[in-house]
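Engineer: All letters in the sequence shown, in the order written, are residues 1 to 317 by UniProt numbering.
Bear in mind the hints are in silico, worked out from the structure with no lab data behind them. Warning: the hint list may mix true and false statements.
[To be verified] Under the rule of at most 20 Å between Cα atoms (straight-line distance), these lysine to aspartate or glutamate pairs were calculated in the DMTMM-like manner: (1) Lys82 <-> Glu35; (2) Lys129 <-> Asp79; (3) Lys82 <-> Asp122; (4) Lys82 <-> Asp31; (5) Lys82 <-> Asp124.
[To be verified] Simulated DEER-style distance windows between Cβ atoms: (6) Leu161 <-> Asp122: 20 to 28 Å; (7) Val18 <-> Phe138: 25 to 33 Å; (8) Leu119 <-> Pro34: 20 to 28 Å; (9) Arg233 <-> Pro285: 27 to 35 Å; (10) Pro34 <-> Asp102: 29 to 37 Å; (11) Ala309 <-> Arg194: 34 to 42 Å.
Beta carbons are placed, not taken as given, at the ideal position from N, Cα and C, and that holds for glycine.
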Amino acid sequence: MRLSQRFALLSLLLFESVMSILGLLFLAFNDGAPEVLIGLGILPILTLGLAFGAWRNWPWVPIASVVVATAITVLLLIDPAKDIYFSPVLLAPMAVAFVVTDSRTTIVTALVAIVVTWLRADSDTPYLKVDYAICYAFIAGCLWLGRLILEQTQQANTEALDLAQTERGMAQRYAQEAEDRASSLQTQSEEQQRLLATVAALETPIVEVAEQVLLAPIIGYVDDQRAAQLTDRILAAVNQRRANAIILDITSLSNVNAQTAQQLLRLASAIRLLGSSVILSGISPDLATTLVRQRIDLGMVRTAPTPYAALQLAATL
Numbered sequence: 001m002r003l004s005q006r007f008a009l010l011s012l013l014l015f016e017s018v019m020s021i022l023g024l025l026f027l028a029f030n031d032g033a034p035e036v037l038i039g040l041g042i043l044p045i046l047t048l049g050l051a052f053g054a055w056r057n058w059p060w061v062p063i064a065s066v067v068v069a070t071a072i073t074v075l076l077l078i079d080p081a082k083d084i085y086f087s088p089v090l091l092a093p094m095a096v097a098f099v100v101t102d103s104r105t106t107i108v109t110a111l112v113a114i115v116v117t118w119l120r121a122d123s124d125t126p127y128l129k130v131d132y133a134i135c136y137a138f139i140a141g142c143l144w145l146g147r148l149i150l151e152q153t154q155q156a157n158t159e160a161l162d163l164a165q166t167e168r169g170m171a172q173r174y175a176q177e178a179e180d181r182a183s184s185l186q187t188q189s190e191e192q193q194r195l196l197a198t199v200a201a202l203e204t205p206i207v208e209v210a211e212q213v214l215l216a217p218i219i220g221y222v223d224d225q226r227a228a229q230l231t232d233r234i235l236a237a238v239n240q241r242r243a244n245a246i247i248l249d250i251t252s253l254s255n256v257n258a259q260t261a262q263q264l265l266r267l268a269s270a271i272r273l274l275g276s277s278v279i280l281s282g283i284s285p286d287l288a289t290t291l292v293r294q295r296i297d298l299g300m301v302r303t304a305p306t307p308y309a310a311l312q313l314a315a316t317l
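Given these sequences and hints, build the entire structure.
Structural biologist: Right, here's the structure in full:
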């Protein structure tokens, strides 16, 4: 379970209250020193008040808890002038600082506690012995270093979390942009297909100019793709309208070559398979020259100079 800083502070203050009450009861029945009894009597009241502040999430409670623990410890719970042995209670303030504050407060609390103790001590007190001082300094340094490592780890985790959230937001934004772009491209593609279909229909309108006679003017450039589209549209129109003849007017055809001529012949052959006659009108001199040079035989395809002449020819079929 992950513990929050607020929960740790509240738990520590309640734990201090319980321990001080137990210590007060024990020393009260074992002739404890008056100043110690006073300190243990004051400490639960202060820590319970601070616990209420921690529950209300008051921001100054962590520092106040360290100050209270330090003051009660060095002024009431230990007596450097009378103590025969080094009291481990002196370690309590920096332990409290380690749990509820930061590395700087931890080391400052350790220094304040030992300096005040030295100022109150006599020359022969155990608190001034070198070995005790070294042990105290070692414990204080370990707590400071441990707290510093925790802070750096927490900072690294926070930075990693912020970076992950930033990258996640960027990824979501890029994904949304890609989705919007794909949707836009899909819409543009559909619109382009509709426009191409409209243009194809406008380029080659198939109209009925006489009874069962259709006229299909072929305009512009004809490649393999457009030739296939023209074939499909013209064959569908011939079949649906039961046309006896269809006039393919190529007056405005832009590309005149052997490939175009072959495409026209394949279209005418397909129309004839449906039982309709094919009349080509508007053959240009260039196309005629190409047909002769390539020795392309129009076969059963009739020709006429103009659509009007082709219509007159269709009337005789």
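Engineer: All the hints need checking, so say for each whether the structure fits it.
Structural biologist: Evaluated hints:
no. : hint                          : in the structure
1   : Lys82 <-> Glu35               : holds, 12 Å
2   : Lys129 <-> Asp79              : holds, 15 Å
3   : Lys82 <-> Asp122              : holds, 8 Å
4   : Lys82 <-> Asp31               : holds, 16 Å
5   : Lys82 <-> Asp124              : holds, 10 Å
6   : Leu161 <-> Asp122: 20 to 28 Å : violated, 53 Å
7   : Val18 <-> Phe138: 25 to 33 Å  : holds, 29 Å
8   : Leu119 <-> Pro34: 20 to 28 Å  : holds, 22 Å
9   : Arg233 <-> Pro285: 27 to 35 Å : holds, 28 Å
10  : Pro34 <-> Asp102: 29 to 37 Å  : holds, 36 Å
11  : Ala309 <-> Arg194: 34 to 42 Å : holds, 37 Å
This entry does not satisfy hint 6, going by the numbered hints stated previously; all others are met.
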